[in-house]
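**Student:** Sequence:
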Amino acid sequence: MFLARFKITIQYDGTKFFGWQFQPAKRTVQDELEKVISTFSDGEKIKVFGAGRTDTGVHALSQVAHFDLNTDLDTCNLIKALNAHLSEDILVESLDVVPADFHARYSAQIRCYRYQCYTGNNVLFRNQSWITGQLDQSILQSVAETVVGEHDFLSFCKFRIDMKSTVCKIYESVWKKQDKMLIYYVSGNRFLHHMVRYLTGTMVEISRGKFTIESFLNLLNNPEKNVQIFKAPPQGLILYKVDYA
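In the working numbering, the protein residues as written are 876 to 1120.
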């Protein structure tokens, strides 16, 4: 047996989870992963570190995490073993041995999210999208373009006293249509708590005529904490990629 650091990439349906991060007496993705991985460690508690801490109801197609484990299993057999023990709403996509200084959160360079808005009337999409009704894609896109670049997103986050910085660099911010689904794609070097949901919710309200682009730009250019703006519900949000150098 040898101690190795593993990079694990997973999918999960966040519907029945209270988010990624461990919470006492609540079902979380981190806790479930740690319990299953620890069964292969001869009783040692294994700690799992994630690239992003998704909230209750938020999904992931490629969440990345890392952990250290003594094992004789190769990565292929370890993937099979983990998937056999994990619940059906978590799936291990890939597993790689990485250098000891790799960190799922701090080594990440780009995080990519998408937010799904369903413009039709189909209840089958209720857990993977926000059923918004019709939206004006051209208005959504005109607002989305304004957040590209480096900005202080204090106005578009859940403020916490321990926040060291509220500046983020956004590389992509675009709305795309797939049949009746309008999807907001956004990628950046980092994201603040609830930031994507506040951005999406406010853009949708602008499309509905309940908020103005001018007011949006004012919040972006003159950041202030605890602003009363619009937050999209969690179920439409998906962490779909994390890139490393």
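Note that these hints are calculated values from the structure, not bench results.
Treat the numbers as computed from the prediction; the structure is a model and nothing was measured.
C-beta atoms are modelled at their ideal positions from N, C-alpha and C, and glycine is treated no differently.
Any given hint could be a false lead.
[To be verified] Here are the simulated DSS-like cross-link-like pairs (lysine-lysine), alpha carbons at most 27 Å apart as the crow flies:
{"#": "1", "residue 1": "LYS1100", "residue 2": "LYS1085"}
{"#": "2", "residue 1": "LYS1033", "residue 2": "LYS901"}
{"#": "3", "residue 1": "LYS1100", "residue 2": "LYS1051"}
{"#": "4", "residue 1": "LYS891", "residue 2": "LYS1085"}
{"#": "5", "residue 1": "LYS910", "residue 2": "LYS920"}
{"#": "6", "residue 1": "LYS901", "residue 2": "LYS1085"}
{"#": "7", "residue 1": "LYS1116", "residue 2": "LYS1085"}
{"#": "8", "residue 1": "LYS1055", "residue 2": "LYS1039"}
{"#": "9", "residue 1": "LYS1116", "residue 2": "LYS1039"}
{"#": "10", "residue 1": "LYS920", "residue 2": "LYS1033"}
{"#": "11", "residue 1": "LYS955", "residue 2": "LYS1044"}
{"#": "12", "residue 1": "LYS1051", "residue 2": "LYS1039"}
{"#": "13", "residue 1": "LYS1033", "residue 2": "LYS1100"}
{"#": "14", "residue 1": "LYS1055", "residue 2": "LYS1085"}
{"#": "15", "residue 1": "LYS910", "residue 2": "LYS922"}
{"#": "16", "residue 1": "LYS922", "residue 2": "LYS1116"}
{"#": "17", "residue 1": "LYS901", "residue 2": "LYS891"}
[To be verified] The calculated label-pair distances, taken between Cβ atoms and stated as ranges, are:
{"#": "18", "residue 1": "SER1017", "residue 2": "ASP943", "range": "10 to 20 Å"}
{"#": "19", "residue 1": "LYS1033", "residue 2": "ASN1064", "range": "45 to 55 Å"}
{"#": "20", "residue 1": "PHE877", "residue 2": "ILE1088", "range": "52 to 62 Å"}
{"#": "21", "residue 1": "ASN1064", "residue 2": "ALA900", "range": "27 to 37 Å"}
{"#": "22", "residue 1": "GLY995", "residue 2": "ASN945", "range": "45 to 55 Å"}
{"#": "23", "residue 1": "LYS1051", "residue 2": "VAL1102", "range": "47 to 57 Å"}
**Student:** Now, for every hint given, state plainly whether the structure supports it.
**Tutor:** Comparing the hints with the structure gives:
1. Restraint check: the Cα-Cα separation between LYS1100 and LYS1085 comes to about 21 Å, which is no more than 27 Å; the hinted pair holds.
2. Taken as a hint, the LYS1033 and LYS901 pair is honoured in the structure, with Cα atoms around 22 Å apart against an allowance of 27 Å.
3. Between LYS1100 and LYS1051 the alpha-carbon distance is near 30 Å, which puts this suggested pair outside the 27 Å criterion.
4. Annotation: proposed proximity of LYS891 to LYS1085 is violated, straight-line Cα distance about 32 Å (limit 27 Å).
5. As the CA atoms of LYS910 and LYS920 are separated by approximately 8 Å, the hinted pair is consistent with the 27 Å bound.
6. Between LYS901 and LYS1085 the CA atoms are separated by roughly 36 Å; this puts the pair beyond 27 Å, and the hint is violated.
7. At most 27 Å may separate the alpha-carbon atoms for a hinted pair to count; LYS1116 and LYS1085 exceed this at roughly 32 Å.
8. Distance hint between LYS1055 and LYS1039 is unfulfilled; the C-alpha atoms sit about 40 Å from each other, more than 27 Å.
9. Restraint check for LYS1116 and LYS1039: the C-alpha separation of about 25 Å stays at or below 27 Å, so the hint holds.
10. The hinted pair formed by LYS920 and LYS1033 fails the criterion: a straight-line CA distance of about 32 Å is larger than 27 Å.
11. For the hint pairing LYS955 with LYS1044, the CA-to-CA distance comes to about 38 Å; that exceeds 27 Å, so the pair is violated.
12. A distance of roughly 33 Å separates the Cα atoms of LYS1051 and LYS1039; the hinted pair therefore is violated under the 27 Å criterion.
13. Among the hinted pairs, LYS1033 with LYS1100 is consistent with the structure: their alpha-carbon atoms are about 8 Å apart, no more than 27 Å.
14. With a C-alpha separation of about 22 Å, the suggested pair LYS1055 and LYS1085 falls inside the 27 Å cut-off, and the hint holds.
15. Taken as a hint, the LYS910 and LYS922 pair is honoured in the structure, with Cα atoms around 9 Å apart against an allowance of 27 Å.
16. For the hint pairing LYS922 with LYS1116, the CA-to-CA distance comes to about 22 Å; that is within 27 Å, so the pair holds.
17. With a C-alpha separation of about 10 Å, the suggested pairing of LYS901 with LYS891 holds against the 27 Å cut-off.
18. At about 47 Å, the beta-carbon gap between SER1017 and ASP943 misses the expected band of 10 to 20 Å.
19. Between LYS1033 and ASN1064 the CB atoms are about 19 Å apart, so this pair departs from the stated range of 45 to 55 Å.
20. Checked against the given bound of 52 to 62 Å, the beta carbons of PHE877 and ILE1088, roughly 57 Å apart, stay inside it.
21. For the hinted restraint 27 to 37 Å between ASN1064 and ALA900, the CB-CB distance of approximately 34 Å keeps it satisfied.
22. Checked against the hint of 45 to 55 Å, the pair GLY995 and ASN945 passes, with Cβ atoms roughly 51 Å apart.
23. Checked against the hint of 47 to 57 Å, the pair LYS1051 and VAL1102 fails, with Cβ atoms roughly 28 Å apart.
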